[in-house]
Amino acid sequence: MLANIRQRVYNADLKRFRFWLQLGFFVLFVYGGYLAINLGNSLPTFACGFNDQGRGGVCYLLPLQHQLSGSWERLFSWAGIAVLQGFLYFTLWFIVLNKAWCGYACPLGTLQDWLSSLRRALGIHFARYSERSFRTLTWVKYGLLALTILIPLAIGGGLLPHSMGTPFCDICPGRMIIPLFTGDYSQFTIDFSSKTSMVLTGLGMLITGLFFAGAFIKKRFFCFFCPMAALHYLVSKPAFLKLKKDGSKCTRCGDCYRVCDMEIPEIADQVDDPRIMKDDCIMCLKCVAACPEEDALKATFVGIPIFKATEEGFIKRMNKGADSDPS
Amino acid sequence: MTRPEQPAFHQSRQAREAESVIDQITDRFDDNPQSMAYFYDLFRSVYCRGEALPRKGMQIGTTCIQAPEELIYAVGATPIRLCNGSYHYDQIGGDFMPAKSCSLVKATLGMLNSENPVPRIGELDLVVNPTTCDQKKKASAMIEGMGYQVHDLELPSAKESEESRLYWQRTVRRFAVQLSKVTGKKMTRKALKAAMARTARAQAAFRTLHNLRKSSPTLFLGKDAFLVTNAFFFDDIERWTAAVETLNAELQQRQQEGFQAAQRKAPRILFTGSPPIFPNLKLPLLIEESGGVVVADETCSANRMLYDMSAVDEWRLNDMVDALADRYLKPCTCPIFTRNDDRQRRLLELAEGFAADGVVYQAFSGCQVYEMEQRSIADALSAKNIPMLYVETDYSPDDMGQLSTRIEAFLESIKTRKRKKRS
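Protein chains in written order, with the working numbering: chain A, 4 to 330; chain B, 43 to 465.
A hint or two may mislead.
Claimed, not checked - Keeping only pairs whose Cα atoms sit at most 30 Å apart, straight-line, the calculated DSS-like set for lysine-lysine is:
id, chain 1, residue 1, chain 2, residue 2
1, B, 463, A, 319
2, A, 319, A, 247
3, A, 221, A, 240
4, B, 227, B, 179
5, A, 240, A, 252
6, A, 221, A, 18
7, B, 228, A, 319
8, B, 98, B, 223
9, A, 252, B, 223
10, A, 252, B, 98
11, B, 228, A, 247
12, B, 223, A, 319
13, B, 227, A, 252
14, A, 252, A, 319
15, B, 460, A, 221
16, A, 252, B, 228
17, A, 247, B, 426
No wet-lab data here; the hints were simulated from the structure.
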């Protein structure tokens, strides 16, 4: 009985499952507020706080920047406890799903997948990075994370003007795009109240433009630069959901690398260390679905396998692709 | 001038060579699966009676497994693998190659240069020659010299780097364009998708057969398995797949009945190295006549040819072609590449999965790359306590006596090891 259910899960059509789950999370985070849902303000995903009406919770980066921009005196006394508390809640949310927050829950990630579907429907080929660009650009997110933390801290120390209070939000495409879904166009403006606001929101406008253009031709374009992904990776060790690889079963055929939206080469090449989740990973599990080698890749939840590579599942899924019209 | 009277085909040397081997395969073993009759008949028809196979569209010969057959099918042509296993052609091919070179390459050249080649391949519209080992590389111009149109499929000599992957993808795309030119047919997304589905079905059938061989006691002998995969070289892909599916059903039946195709204690052998190609099934036959059983292989006439399957993310023409390129390069364990970590891991994984008691490593004399990899493979296996027999041989029957002594001794030593382990 249990073995039967397992087999069905391993043979599942991951694409469809993921589409519906992503849609569900999108509704939850973008429209949840209308249903009086509030999951707090430490969510490890881009549930944008600027979407006042509809938000079902708030992206942790917003309160984090707010808290850090308080004066140093307060920050290093009682306010510090609030920062730690926020970080604790963030970590607790995060360790449940690990980076699957990106691949399944993030509204901005889901939007990029929808843009990819649009591109596919138009018959346009996707772009890829060269290996060198990949290796260089992968550091951008750490830089952004550092700035997201250091700029508010500098404000608190009086080194930078207060108008830079939430620097990452100012340039985040999520702030402009997600409120659009509840009919709020107010973020789609350049803030002329001060010079710094003008520059930052102008930059935000530019990045939003890049977001649309980039995500249209490059799968999950923005995730590659996301400071949230960097923050995730720093606390991912104790996560319940894990992606593991048994290198001895791997033929290095590269099927996983082919389907990887984030183009992570290690997924195919690394055979000596079972911990395969890299900082760019969004845990969409497409690699597991595209692996023809029994047990070579698997996702486990507190050690229990919940989805793994099987030969049968692979053949089913790939033949489905071969029968149907372009999806 | 009148041509001298040709002897009847079945009396020719190559036909008689084939016939004696197929007789050996069928008659010296009991309990051959009934569904193997399809393959026995196929080989008798093609190799012994010289009957031509019905063909669809143009015929495109390939000299290595790296030529993506799906692309060939997608332009309505039929691929045929030219690698040959006949001693007769090996001798003819000796005119082209230095004395110490690979029997397989010589036999392929010899066959292509014969007036009456077996299998009866008929006119070839194109020969695709992946630039794998030096001997195959140099064979390219010789084949061209025989009057064939040759397309060199440029294969990188390292496969790990991103550069080699992109280089190979470009090679494969260019090949797709060339195929369209030769056949005058545009490659469409739909046709390629259908071709990939057909190959995927054949691969799925192969994998089922492959997995059935994990069963202990053995359901099926290796000599038959090699014949099945060998038939894939020239048989109609759909007929082949159907025949393998029938065979799989019979073997599943055998599994339920607790059938034993060999003695329970028969040493289980993993075969690697230079590919056994009919009629040169000398080594697998010697192993199984001496009481061993070949349970799995890592060779380009069987496992390496059919095992790895391609995954496509977006079913558009360019992504499909790139996916095929990847599938034909990345998992390939051919010794021509710089490193052989993948081959070592593959062998260890097969040895474990198929509970192999030992490995037989065949290297054709003159196949330097297999000869050179012998040491590293032996070391990797011995680190896991798996005994290996290294056999350097060629297509000539001269060393049969010597080989059978060595193989018997190897199998005997495995049996002793197993006995010691138990006690």
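Worksheet item: So which of the earlier hints does this model not fit?
Response: Of the numbered hints given earlier, those the structure breaks are 1, 9, 10, 11, 12, 13, 15, 16, listed in rising order.
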